[in-house]
Amino acid sequence: MSETSSPKSEVKTTTCYMCACRCGIKVTLREGEIRYIEGNPAHPVNKGVLCAKGASGIMKQYSPARLTKPLLRKPNTDRGDADFEEISWERAFDIMEERLSNIRKTDPKKFALFTGRDQMQALTGLFAKNYGTPNYAAHGGFCSVNMAAGMIYTIGGSFWEFGGPDLERSKLFIMIGTAEDHSSNPMKVALSKFKRNGGRFISINPVRTGYSAIADEWVPIKPGTDGALMLALIHEIIKLGLYDREFLVQYTNSAQLVNLDEESSEYGMFLRTEIPEEEGCFDPQNKLWWDRTSNRAVVTHTEDADPRLMGEFTLDDGVNVKPAFQLLKERVEDYTPEWAEGITGISAEDIRRIAHEMGVTARDQKIELPISWTDTWGKEHDTVVGNPVSFHAMRGLAAHSNGFQAIRALSILMTILGTIDRPGGFRHKAPFPRPIPPCAKTPNTPHAVQPNMPLDGMPLGFPAEPDDLFVGDDGKPVRIDKAFSWEHPLSAHGLMHNVITNAWKGDPYPIDTLMIFMSNMAWNSTMNTQDVRKMLNDKNEDGEYKIPFLIVADAFNSETVAYADLVLPDTTYLERHDVMSMLDRPISEFEGPADSIRVPVVPPFGECKPFQEVLIELGSRLDLPVFVNKDGSKKYRDYPDFITNYETEPGSGIGFLAGWRGKGGEKFMRGEPNPNQWEMYAKNDCFYMHELPKSYQYMRNWNQGYLNWSQKHRLMRYAEPILIHVYSEVLQKFRLAAQGKTDSKQPPDHLRERVDTYFDPLPFYYEPLEAQAIDKHKYPLNAITQRPMAMYHAWDSQNAWLRQIHAHNYLYVSPQLGKKNSFEDGDWVWVESVWGKVRCMCRFSEAVEPNTVWTWNAIGKAKGAWNLASNANESNKGFLLNHVISEELPPNSKNEVFSNSDPVTGQAAWYDVRVRVYKADDQTTPETFPQFNAMQPQPNAPKRRNWLAYVAGKSRK
Amino acid sequence: MDMKPSKKQLALVIDLNVCVGCHACVTSCKEWNTSGISGYMSDDNPYGEDPTGNFFNRVQTFEVGEYPNTETVHFPKSCLHCEEPPCVPVCPTGASYKREEDGIVLVDYDKCIGCRYCSWACPYGAREIDEHQKVMKKCTLCVDRIYDEELPKEERKPACVMACPTNARLFGDVHDPDSNVSVAIREEGGYALMPEWNTKPANHYLPRRRTQRSINDDELVRADNPLNKEIEVSKPNFDEPSLDDSTSW
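Keeping their order, the protein sequence lines are chains A and S.
Quick note, in my numbering, the first sequence goes up one by one and the last residue is 1430.
Quick note, in my numbering, the second sequence goes up one by one and the last residue is 320.
Hints were generated in silico from the structure; no laboratory data involved.
It should be emphasised that the depicted structure is a prediction, and the values quoted were computed from it without experimental measurement.
Even for Gly, the Cβ is constructed at its ideal location relative to N, Cα and C.
Heads up, some of the hints might be wrong.
[What the hints assert, rightly or not] Straight-line C-alpha distance at most 27 Å; calculated DSS-like pairs for lysine-lysine:
hint	chain 1	residue 1	chain 2	residue 2
1	A	Lys852	S	Lys300
2	A	Lys1427	S	Lys182
3	S	Lys182	A	Lys839
[What the hints assert, rightly or not] Looking from chain A toward chain S, a few residues come up when the C-beta cut is under 8 Å (computed):
hint	residue
4	Cys524
5	Pro537
6	Leu664
7	Gly672
8	Tyr716
9	Phe743
10	Leu744
11	Thr746
12	Met783
13	Val1075
14	Gly1213
15	Thr1215
Go ahead and model the full structure; you've got the sequences and the hints to work with.
See the structure below:
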């Protein structure tokens, strides 16, 4: 007997979407039902393996939480009641068309579109831009923008889709604050090989779970203190001379001379030669070094010059200058291991030992690959050299109000060890590296928002200077989330976490319609969940909702669906076309650019419709320029047609997919549309990869061959070197504005001190803002969350198999805490912050730093949500920590209220929360608190079985 | 009484040194087997209180040691396909049996009466009854995959082995001294669970192996220390008095 040879079986390849990892999968169907989902061995991302989520796709597909028809909230019901009537798609489109065209005619910013972990940002962003609203972002501001911005503003690339540790060749790997991550399977594959090759793995994390479990050394750290640790490591490495001098000199701005004339408007900026041209999005090579041989200032990279990294010098015109590295050295002077011990809880001895291990490994275990390459200054190199120390970090560093500067410090640590885009260190993935900062910009004036016009610029971007901010002449924000304003200037991913609160307050203005795609903003994708739910249901005196219209698109009956006025049923990943686009977050590898597609392997369930199709149809109905012909007729038949034929500009040859472009599929990256592009992808296991010549695979910030290639194929406009910003002039420009020293845009007076403080061109440590604002004696503990591997980034609370792994969560605490506060393992406890409290069960754990408590995130669900039974563990025993985390900080001494975010990037600081934990002996029912009225199932919900016995081809007959 | 050792003994070797507890083996096993020859794998209360279902393979996580010297261990566990399986002789109907050709321990559902003697006899808790079918179920080493000639040769492995992202699950013949599993057991300190029960489990585990590094003080001081490049060596003024002005012998 053979299963696979059965005539009723067929195998199709596509791309997984149980999380953000994007593994290639093979789906075996038996009589039209999913028999088996396995990793595709031919796929570059996962090479055949698959995680727990990927292997549970069947239970997502056949979940009873599936939404099957558009739903309209019944008249005279409240939001949150989930009392819906089914309507046709035609009616749903009519409602949206009427409402959205009126908004667009009057004030397009009153329409806001916020999305979750959708990997569809190239399209959703394009829709928002063409609609003309600035109010668009995905969930990055909530997730990890500090990591993206901190690294991109320093090394021109970042972890995740944009780069990562080269574990294939690394000898020492340091993982900081990561439980699981986007690149989940590649990380597992690489980590296992790394360990088997004898590599040493150090995990710095308050909690020892998942990856940390197999670390050779676990270094527990207090949450929010990573910056202090990084700075102390830098201190020790500089002190002992364990840094890579040649790398710093050639490839970073370390040796560039900084103007120390405090009276000058150029104070803290690099000295420049006479070359005045600074147009374009790159760093002109017109800065100065102090040459130690000739003992005078010379233009950087002058041949035979050997610049000083340290010292203080006077230029001929009397200006005092210091190399940037000297300023870094001075900055970390007082950041001693002893100082860091008191903050991080890691002994000074351990900090020194780890610093020495990093430095000595980087210096003495060099890798030299016989690959010749040419740098941007014309020097030919016979080999590529690597210092095999690599790092990975994620939300543990990012989700703090001091995360941006902590991640700057990490990036600088990686840099002084000489590990950027080198073998065994950090390596970029196309389209990164990009200029620092990347070229994309938002508009910088409210006039960019005009009725019936596309937005004049991108809704999201990377400000390079104060004049790039998206504010009015009064300095006030243009966006509803106050992104790119003086409150958080470098908020490259927006601030999803403040949208509902701001819209409810009407600060900076009220909006009309909020469209939410695949984001659970009434539950786990928000902070202060209880109040946010009230805000969604709150009305003005005239009886109108404060946020008048809410559209929610999702495949499942989430907590947020209950608050919608209009619900749009989305498809699952197995039912639709999708692209993992070079314009968004492609699946590139270290070796070259790659992107991929999804193709439907099963028909859509009920009347669900891919959200992409909704946008294309809606865009056409609203006459958004990109979606219609000149005569107003619909330009693209459907989403696949759009992907095939859309070009960023007419004739640009750049589209969503990079592979098989040109009429016959003979081109890549750039070429005219190819009518058979989808088929060509499908034939190639749904991905396209271009492997770069070896000589273009390393040192890409300064590799002339790569930069020319990248320019030729239009990944970048300029083929200029991307020097690492050890010292950040970008930050200094904002500081100078705050100090009133430049004639750029100026912050409102009440924000000058804030900008002056946090826009430090060199990394520094400050205590997280919430800890500064509250009584730490009353709330002595840090509370954090992790996502378990079987649920990370999954939309699968209702997944029959995965929820058996995590049906409810506990608060994990040190036994020492239980002893001190008189409660036992398994007791019900209150977790209380200055904002509120939750009741839950605790478990004692020896694998947690004793001043930290933690739980698995987003396991707790609202009663009845996701079509789970009202007695499901998720709602009765599970809990959500978000209830005790605020989206705003307490008012300061001037009664100002700021977002609970990083003041540089707007990253939600949800790991900053401080709590106390005590026994819950006032309890009448053994259930978690808070509880909510049970949400009812969606109309005509698929049957919720009490017993499941899934057999493909038989179960649903 | 020793059973005659089978010529070949297929088994899993699980490397605890790289297992991160992701549960890929758990659900890939479930999805393969629920539509496979072992029939469906029930899930009770799949959307309600205390959901519970049949799994042939589960991951247990536990902590060893006290803070800060804590180890978190992820421990995947399934039928160990013992060479002396205590579940076989206790079976009143002969449903529980060990295959001579490859040593796999299986249950013949046609003969199984669901009496559970085998699960009581198994010291490892590796068997799970299906309350709906009233038959005992357990890991088959994906016997319906590993001999399927329609599959490419490299895919003729248990689903859990194929899925495992850290390649923590090795599959092969532990009686063949040159097989990947025998080499791993021999060279990486592989061990069997509870050998004192004399069940001779075919599956083995590889222990955690810690890579350590110590730095000698000498390594911190080097002649080519880049700090030397930054040191200013100040020269005394040429005209300052010196010894050779006044000494003549």
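- request: Assess, step by step, whether the Cα of Lys852(A) is no farther than 27 Å from the Cα of Lys300(S), and give holds or violated.
  value: 23 Å, holds
- prompt: Can we keep the Tyr716(A) interface hint, with Cβ of chain S closer than 8 Å?
  reply: At about 7 Å, which falls below the 8 Å cut-off, the nearest Cβ of chain S leaves the hint on Tyr716(A) intact, so it holds.
message: Less than 8 Å between beta-carbons is the criterion; does Gly1213(A) satisfy it with respect to chain S?
response: Cβ of Gly1213(A) sits 35 Å from chain S, so the hint is violated.
- prompt: Once the shortest beta carbon distance from Met783(A) to chain S is found, is it less than 8 Å?
  reply: Hint on Met783(A): holds, closest Cβ of chain S at ~4 Å, below 8 Å.
query: Do the alpha carbons of Lys182(S) and Lys839(A) lie within 27 Å of each other, as the hint requires?
result: This hinted pair is violated, its Cα atoms lying about 64 Å apart.
message: Tell me if the interface restraint on Gly672(A) is satisfied: Cβ within less than 8 Å of some Cβ in chain S.
response: Hint holds; Gly672(A) Cβ to chain S Cβ min 7 Å, cut 8 Å.
- request: Verify the proposed pairing of Lys1427(A) with Lys182(S), using a straight-line Cα cut of 27 Å.
  value: 24 Å, holds
query: Taking the least C-beta to C-beta distance, is Cys524(A) closer than 8 Å to chain S?
result: 5 Å, holds
field: Interface hint status, Leu664(A) versus chain S (Cβ within 8 Å)
entry: It holds, given that the least Cβ distance between Leu664(A) and chain S is near 7 Å, below 8 Å.
- prompt: Against chain S, is Thr1215(A) within 8 Å by beta-carbon distance?
  reply: Violated, because the Cβ-Cβ distance from Thr1215(A) to chain S comes to roughly 32 Å (cut-off 8 Å).
message: Restraint: Pro537(A) near chain S, CB-CB cut 8 Å. Satisfied or not?
response: 6 Å, holds
message: Just to be careful: measuring from the Cβ of Thr746(A) to every Cβ in chain S, is the smallest value less than 8 Å?
response: 24 Å, violated
In summary, the structure is inconsistent with hints 3, 9, 10, 11, 13, 14 and 15 from the numbered list given earlier, while agreeing with the others.
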